[in-house]
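Just so you know, the protein sequences line up as chains L and A, in that order.
Residues in the first sequence are numbered from 1 upward in steps of one, following this note's numbering.
Residues in the second sequence are numbered from 1 upward in steps of one, following this note's numbering.
It is worth saying that the hints were derived from the structure and are not from the lab.
Check each hint, because a few of them may be wrong.
Below are the DSSO-like pairs computed for lysine-lysine, each with C-alpha atoms no more than 30 Å apart in a straight line [unchecked claim]:
hint, chain 1, residue 1, chain 2, residue 2
1, A, Lys214, L, Lys138
2, L, Lys316, A, Lys256
3, A, Lys257, L, Lys316
4, A, Lys240, L, Lys314
5, A, Lys155, L, Lys106
6, L, Lys316, A, Lys248
7, A, Lys66, L, Lys138
8, L, Lys176, A, Lys108
9, L, Lys276, A, Lys20
10, L, Lys314, A, Lys18
11, A, Lys248, L, Lys138
From chain A, some residues computed to sit far from chain L (all C-beta separations above 12 Å) [claimed, not checked]:
hint, residue
12, Ala31
13, Glu56
14, Gly63
15, Ala95
16, Arg158
17, Ala206
18, Ala254
Computed, partial: chain A to chain L, Cβ under 8 Å [claimed, not checked]:
hint, residue
19, Glu14
20, Val91
21, Asp94
22, Ser120
23, Thr121
24, Ser142
25, Lys146
26, Phe164
27, Arg166
28, Ala228
29, Val239
30, Gly246
The beta-carbon is built from N, C-alpha and C at its ideal position, and this holds for glycine as well.
Spelled out from the first residue to the last, the chains are:
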Amino acid sequence: MSEILVLVDHLDGEVKKVTFELLTLARRFGDAAAVWIGPGYEGAKDKLAEYGAAKVYVAADEELTSYVVAPKAEVLAQLAREKSAAAVLVSATAEGKEVAGRLAIKLDTGVLTDVVDVADDFTGEHSIFGGAIVAHAKVKSGMPIIAVRPNAIAVEASQSSPAEEQVSVTLSDAAKSAKIVERVVQEKGERPDLTEAAIVVSGGRGVGGADNFSIIEGLADSLGAAVGASRAATDAGWYPHQFQVGQTGKTVSPQLYIAVGISGAIQHRAGMQTSKTIVAINKDSEAPIFDLVDFGIVGDLFQVAPQLTEEVNKRK
Amino acid sequence: MNIVVCVKQVPDTESPRKLKSDDKTLDRGAADGVINELDEYAIEEALQIRDAQGGEVTVLTMGPGKALDSIRKALAMGVDKAVHLIDDALVGSDALQTSYAIQQVLGKTGFDLVILGSESTDARTGVLAAMLAERLGVPQLSQANKVEIDGSAIKIQRQTDYGFDRVEASLPAVVSVVEKINEPRYPSFKGIMAAKKKPVESLSAADADIDAGKVGLANAATEVVDFAEAPPRAQGQIVKDEGDGGTKIAEYLASKKFV
Numbered sequence: 001m002s003e004i005l006v007l008v009d010h011l012d013g014e015v016k017k018v019t020f021e022l023l024t025l026a027r028r029f030g031d032a033a034a035v036w037i038g039p040g041y042e043g044a045k046d047k048l049a050e051y052g053a054a055k056v057y058v059a060a061d062e063e064l065t066s067y068v069v070a071p072k073a074e075v076l077a078q079l080a081r082e083k084s085a086a087a088v089l090v091s092a093t094a095e096g097k098e099v100a101g102r103l104a105i106k107l108d109t110g111v112l113t114d115v116v117d118v119a120d121d122f123t124g125e126h127s128i129f130g131g132a133i134v135a136h137a138k139v140k141s142g143m144p145i146i147a148v149r150p151n152a153i154a155v156e157a158s159q160s161s162p163a164e165e166q167v168s169v170t171l172s173d174a175a176k177s178a179k180i181v182e183r184v185v186q187e188k189g190e191r192p193d194l195t196e197a198a199i200v201v202s203g204g205r206g207v208g209g210a211d212n213f214s215i216i217e218g219l220a221d222s223l224g225a226a227v228g229a230s231r232a233a234t235d236a237g238w239y240p241h242q243f244q245v246g247q248t249g250k251t252v253s254p255q256l257y258i259a260v261g262i263s264g265a266i267q268h269r270a271g272m273q274t275s276k277t278i279v280a281i282n283k284d285s286e287a288p289i290f291d292l293v294d295f296g297i298v299g300d301l302f303q304v305a306p307q308l309t310e311e312v313n314k315r316k
Numbered sequence: 001m002n003i004v005v006c007v008k009q010v011p012d013t014e015s016p017r018k019l020k021s022d023d024k025t026l027d028r029g030a031a032d033g034v035i036n037e038l039d040e041y042a043i044e045e046a047l048q049i050r051d052a053q054g055g056e057v058t059v060l061t062m063g064p065g066k067a068l069d070s071i072r073k074a075l076a077m078g079v080d081k082a083v084h085l086i087d088d089a090l091v092g093s094d095a096l097q098t099s100y101a102i103q104q105v106l107g108k109t110g111f112d113l114v115i116l117g118s119e120s121t122d123a124r125t126g127v128l129a130a131m132l133a134e135r136l137g138v139p140q141l142s143q144a145n146k147v148e149i150d151g152s153a154i155k156i157q158r159q160t161d162y163g164f165d166r167v168e169a170s171l172p173a174v175v176s177v178v179e180k181i182n183e184p185r186y187p188s189f190k191g192i193m194a195a196k197k198k199p200v201e202s203l204s205a206a207d208a209d210i211d212a213g214k215v216g217l218a219n220a221a222t223e224v225v226d227f228a229e230a231p232p233r234a235q236g237q238i239v240k241d242e243g244d245g246g247t248k249i250a251e252y253l254a255s256k257k258f259v
């Protein structure tokens, strides 16, 4: 069977859930061949086996993660050629898309970004223009490179015992031109990653200030959720920009999205419209967010959200 | 310093955005064209670097005649001159082809620094900066939320999900910036007047040594097969808070097994 290369998305050996989604997806098309780049493989190998990796290519050299993106594209390009892979799957994160872009140049092939599903012939489904349009696109010739939106594919475990193959790569000088000299990990506590989380609680203009975001965080923590923010909230400096959900921020697709004090302008909807279940709390009954919700409360978030947090905590 | 800012004209997010039914490309007539808002941060960053380091900022756009409006805005913000790549042969080009076309133009303009927004708000592929860096063989300094230049050394903070990476490289380089790296200025009246006198060079594909057989819809590596309006979400249940709104949500979440 032909191999589908899956770039493992991990941070220092901690594998992101999207990797299991990619492995699940890859198994539809052939042998899921995980590509591990950087240190930390030993601690993660069981996880890759649990989700059906038929093979794991391990490029463990620490140097590969010391530069911005380019080394990952070089490893993938080498493997894609050597193994005559049928397709390459990466996560549609900022970095995943950059890897995909560089790889597309190297292999002179097309790239599909931010797909939410893939059909048998590698046609990708896209949710575009803020979720208003569903489009299908494909790579016309050559090996498709597909960046898949986290949380779009339902994971299915399938135990395997993957064959391991060590990969050595001699990096080009160009790949070593943007050196990462320090990695700064900012405190985020125990909360899941925004794009990976099954539940996201976001706050907007109605939250009214940075201090009040503790209400959003409290609700998120009661549900084990990630915290997001609308552009109005990040513009005002109430919450850091990397948590912005929307057209110019992150696109999220969780099982449950709770919008608190967010009116639901297109700017915001574009980043959360494909969430499976949507709940909103807003004092304005005319707010466009209510067009999207499965369940909405018209009310004061300062009353409703803390009560909800308390109720959720009680039910645990 | 020779700084080139790549700008894309996109349909206004606030207006109805459509694809054309015949060739399935963006319907540029359906919506107002505006500068991709993330590119405004790129323009502002370029202007700040120029003002600190000296040199010249060129705005480069590829697009139809209408894209001149976006060029004018960039010039009004303070950009020194513009290059407009305009050719019917380029219509329908995908990211791979666009990066090739821009590479060819950069071969004409030269550059010490190319600055882009991190993605466009219409296609949102987020691949162009990486593709350009790959093609040009220069450092990719993407997702920057801070840029510092000292001589030929460039340092950025690369925004990540966990915080940021400090990244160092030497010029020439490709930089892409994220929202909030700066506060893009509004064009002043004086700026708008001055923009009218600034040079705008119009290039055809041939002028830029772009092989017409490598660009455009027919030669694209990717193809939109079909599209349709997304089905509307079913009308949900909306309840006015009577003092038990939080409890009601909790009950709803429990019924859906979220709690």
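Cut-off 8 Å, beta-carbon criterion: hint that Asp94 of chain A touches chain L: OK, holds: Asp94 of chain A within 8 Å of chain L, min 7 Å.
Taking only the CA atoms, is the gap from Lys214 of chain A to Lys138 of chain L under or equal to 30 Å? Status holds; Cα separation ~18 Å.
Restraint check for Lys276 of chain L with Lys20 of chain A, where alpha carbons must lie at most 30 Å apart: With a Cα-Cα distance of about 29 Å, the restraint between Lys276 of chain L and Lys20 of chain A holds, given a limit of 30 Å.
Would you check the hint for Lys155 of chain A and Lys106 of chain L, treating anything up to 30 Å between C-alpha atoms as holding? holds, 26 Å
Under the criterion of a CB-CB separation shorter than 8 Å, is Arg166 of chain A in contact with chain L as hinted? holds, 4 Å
Given the hint that Lys314 of chain L pairs with Lys18 of chain A, does the C-alpha gap stay at or below 30 Å? violated, 47 Å
Regarding the assertion that Ala206 of chain A does not contact chain L, is the least Cβ-Cβ distance greater than 12 Å? Ala206 of chain A is indeed farther than 12 Å from all Cβ atoms of chain L, at 22 Å.
Hint validity - Ser142 of chain A Cβ closer than 8 Å to any chain L Cβ: The hint holds - Ser142 of chain A has a Cβ within 8 Å of chain L, the shortest such distance being about 6 Å.
Against the 30 Å threshold, does the CA-CA distance of Lys66 of chain A and Lys138 of chain L hold or violate the hint? Since the Cα atoms of Lys66 of chain A and Lys138 of chain L sit roughly 29 Å apart, the hinted pair holds (cutoff 30 Å).
Check the non-interface label on Ala95 of chain A: least C-beta distance to chain L beyond 12 Å or not. Non-interface label fails for Ala95 of chain A: nearest chain L Cβ at 7 Å, not farther than 12 Å.
Hinted pair, alpha-carbon criterion (30 Å max): Lys240 of chain A, Lys314 of chain L. Please report holds or violated. With Cα atoms ~23 Å apart, Lys240 of chain A and Lys314 of chain L stay inside 30 Å; holds.
Once the closest CB in chain L is found, is it more than 12 Å from Glu56 of chain A? About 24 Å separates Glu56 of chain A from the closest Cβ of chain L, which puts it past 12 Å; holds.
Checked against the numbered hints listed earlier, the structure breaks hints 10, 11, 12, 15, 16, 18, 20, 22, 25; every other hint is satisfied.
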